[in-house]
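Enquirer: Sequence order for the protein chains is W and U. Counting in the working numbering, the first sequence runs from 38 upward without gaps. Counting in the working numbering, the second sequence runs from 12 upward without gaps.
What the hints contain is simulated information worked out from the structure, not anything from laboratory work. Warning: the hint list may mix true and false statements.
As the list claims (entries may be wrong) - Listing some non-contacts, in silico: residues in chain U with all C-beta distances to chain W over 12 angstroms: (1) GLY17; (2) ARG26; (3) ALA27; (4) ARG81; (5) THR123; (6) GLY124; (7) THR148; (8) ARG161; (9) ASP178; (10) SER180; (11) THR181; (12) LEU182; (13) VAL185; (14) GLU190; (15) GLY191.
Claimed, not checked - Take a look, some chain W residues computed to stay more than 12 angstroms from chain U by CB distance: (16) GLY55; (17) ALA85; (18) ALA156.
Said to hold, decoys possible - Have a look at the derived ranges for each label pair, beta carbon to beta carbon: (19) THR198(W) x ALA206(U): 14 to 22 angstroms; (20) ASN154(W) x ARG26(U): 50 to 58 angstroms; (21) ARG137(W) x ASP53(U): 15 to 23 angstroms; (22) ASP53(U) x GLY172(W): 37 to 45 angstroms; (23) LYS141(U) x THR215(W): 24 to 32 angstroms; (24) LEU203(U) x ALA85(W): 26 to 34 angstroms; (25) ASP31(U) x PHE150(W): 54 to 62 angstroms; (26) LEU184(U) x ARG137(W): 43 to 51 angstroms; (27) GLU190(U) x ARG180(W): 37 to 45 angstroms.
Glycine is no exception: its CB is placed at the ideal position from the N, C-alpha and C atoms.
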Amino acid sequence: MDRQVMESRPAAADWPDGLYELLKTHRIRQVAVVPDAGHARLIRRCLADNGMRVVSLTTEEEGIALLQGAWLGGDKGVLLMQSSGVGNCVNMLSLAITHRTPMPMIVTMRGDFGEFNPAQVPMGSATQAVLEAMGALVRRADRPEDVVPTADATIRLAFNTFRPTATLIGQRVIGAKTFGKD
Amino acid sequence: MLAASGKLDRRELCRALLADRGDLLVVAGLGAPAWDITAVGDRAENFPLWGGMGGAAMIGLGLALAQPARRVLVITGDGEMLMGLGALATIAVQRPANLSIVVQDNEHYGETGMQETHTRHGVDLAGMAKAAGFPRTMLVTRPEEVPALRAAIHAGEGPLFAVAKVDPSTLPLVLPPREGAYLQARLREAVLGPAAHHQL
Numbered sequence: 038m039d040r041q042v043m044e045s046r047p048a049a050a051d052w053p054d055g056l057y058e059l060l061k062t063h064r065i066r067q068v069a070v071v072p073d074a075g076h077a078r079l080i081r082r083c084l085a086d087n088g089m090r091v092v093s094l095t096t097e098e099e100g101i102a103l104l105q106g107a108w109l110g111g112d113k114g115v116l117l118m119q120s121s122g123v124g125n126c127v128n129m130l131s132l133a134i135t136h137r138t139p140m141p142m143i144v145t146m147r148g149d150f151g152e153f154n155p156a157q158v159p160m161g162s163a164t165q166a167v168l169e170a171m172g173a174l175v176r177r178a179d180r181p182e183d184v185v186p187t188a189d190a191t192i193r194l195a196f197n198t199f200r201p202t203a204t205l206i207g208q209r210v211i212g213a214k215t216f217g218k219d
Numbered sequence: 012m013l014a015a016s017g018k019l020d021r022r023e024l025c026r027a028l029l030a031d032r033g034d035l036l037v038v039a040g041l042g043a044p045a046w047d048i049t050a051v052g053d054r055a056e057n058f059p060l061w062g063g064m065g066g067a068a069m070i071g072l073g074l075a076l077a078q079p080a081r082r083v084l085v086i087t088g089d090g091e092m093l094m095g096l097g098a099l100a101t102i103a104v105q106r107p108a109n110l111s112i113v114v115q116d117n118e119h120y121g122e123t124g125m126q127e128t129h130t131r132h133g134v135d136l137a138g139m140a141k142a143a144g145f146p147r148t149m150l151v152t153r154p155e156e157v158p159a160l161r162a163a164i165h166a167g168e169g170p171l172f173a174v175a176k177v178d179p180s181t182l183p184l185v186l187p188p189r190e191g192a193y194l195q196a197r198l199r200e201a202v203l204g205p206a207a208h209h210q211l
């Protein structure tokens, strides 16, 4: 194993901590969340940070509206959700286009790579197309070492160019939930 | 302030709530509430919505959390509030003291042909907000109750949720600017100053 691969391993496995550090670097203040197992560690880090306001939502579209209000008041925010939640955001995303609002999303994918649950596949298959149809700029990360650089790029694109953006974290990175049937 | 029906006139109600508004920031739900705040007077501290139905209260939450030293008022309709009821739970848990939500409840979808909403059939929005955990809820049906509502909005001891039963008549359209980027930029500048438009 060459030196570069060995060095990249710990950092790659720590991508949730890397995402937390990234949110701090970008001075993200409001973190809108509908939980996903893939985001659990990042959510714990954010909850432990007094400089961040974690807003737990009943449905993901609330998070889009929250980010609209946050930006009006000068706060930078991010929305964490799983791919099924993207479907709940569709019409509310028109706020970002209408008002040219930075709205970075970090989406953990289901129904994407080795999925067990049939109900996750329809929305998982549609996630990127739905986001792009609503005008969001989407980039995927399918290797652990790509997660933080990709999220960094999409957060920059959101705040530098005033639009909704998303990083999709592939199920290959997170692992497929098997309900004890593996 | 009463219409011929004996119910509150929505525009006069708005005028009373926004009198001497100080540094109050106002988000208005799409349709009649947006026309109402514009009829009272269009200004940078107004954010009238043209879409995002169901999101007005949550926009208010994001703004209130970002600007805790300022009062934030969301004025919206019963149909718009019914589309985003989960926000009542989310906002109650966050408990922003500076946020007030006033539903102008005409018990109808006024922009789409006056179909009845659930509030026409007994759904109690103030009761739902109370059950979600709002520390203060109000039901306003008479003009003499309006000064107390205005005072509560400015008291900053919220979050406050109020339902005002209003006459369902359709009033003359008074349209706000339709360019969303302008609506956003002018409010951000009013809140943040010229720095609003510079790189973060």
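Enquirer: Decide, hint by hint, whether the structure agrees.
Expert: Here is what the structure says about each hint:
no.	hint	result
1	GLY17	35 angstroms, holds
2	ARG26	24 angstroms, holds
3	ALA27	25 angstroms, holds
4	ARG81	8 angstroms, violated
5	THR123	15 angstroms, holds
6	GLY124	20 angstroms, holds
7	THR148	19 angstroms, holds
8	ARG161	22 angstroms, holds
9	ASP178	28 angstroms, holds
10	SER180	28 angstroms, holds
11	THR181	24 angstroms, holds
12	LEU182	24 angstroms, holds
13	VAL185	20 angstroms, holds
14	GLU190	9 angstroms, violated
15	GLY191	4 angstroms, violated
16	GLY55	21 angstroms, holds
17	ALA85	18 angstroms, holds
18	ALA156	21 angstroms, holds
19	THR198(W) x ALA206(U): 14 to 22 angstroms	19 angstroms, holds
20	ASN154(W) x ARG26(U): 50 to 58 angstroms	54 angstroms, holds
21	ARG137(W) x ASP53(U): 15 to 23 angstroms	20 angstroms, holds
22	ASP53(U) x GLY172(W): 37 to 45 angstroms	27 angstroms, violated
23	LYS141(U) x THR215(W): 24 to 32 angstroms	43 angstroms, violated
24	LEU203(U) x ALA85(W): 26 to 34 angstroms	29 angstroms, holds
25	ASP31(U) x PHE150(W): 54 to 62 angstroms	59 angstroms, holds
26	LEU184(U) x ARG137(W): 43 to 51 angstroms	25 angstroms, violated
27	GLU190(U) x ARG180(W): 37 to 45 angstroms	42 angstroms, holds
Checked against the numbered hints listed earlier, the structure breaks hints 4, 14, 15, 22, 23 and 26; every other hint is satisfied.
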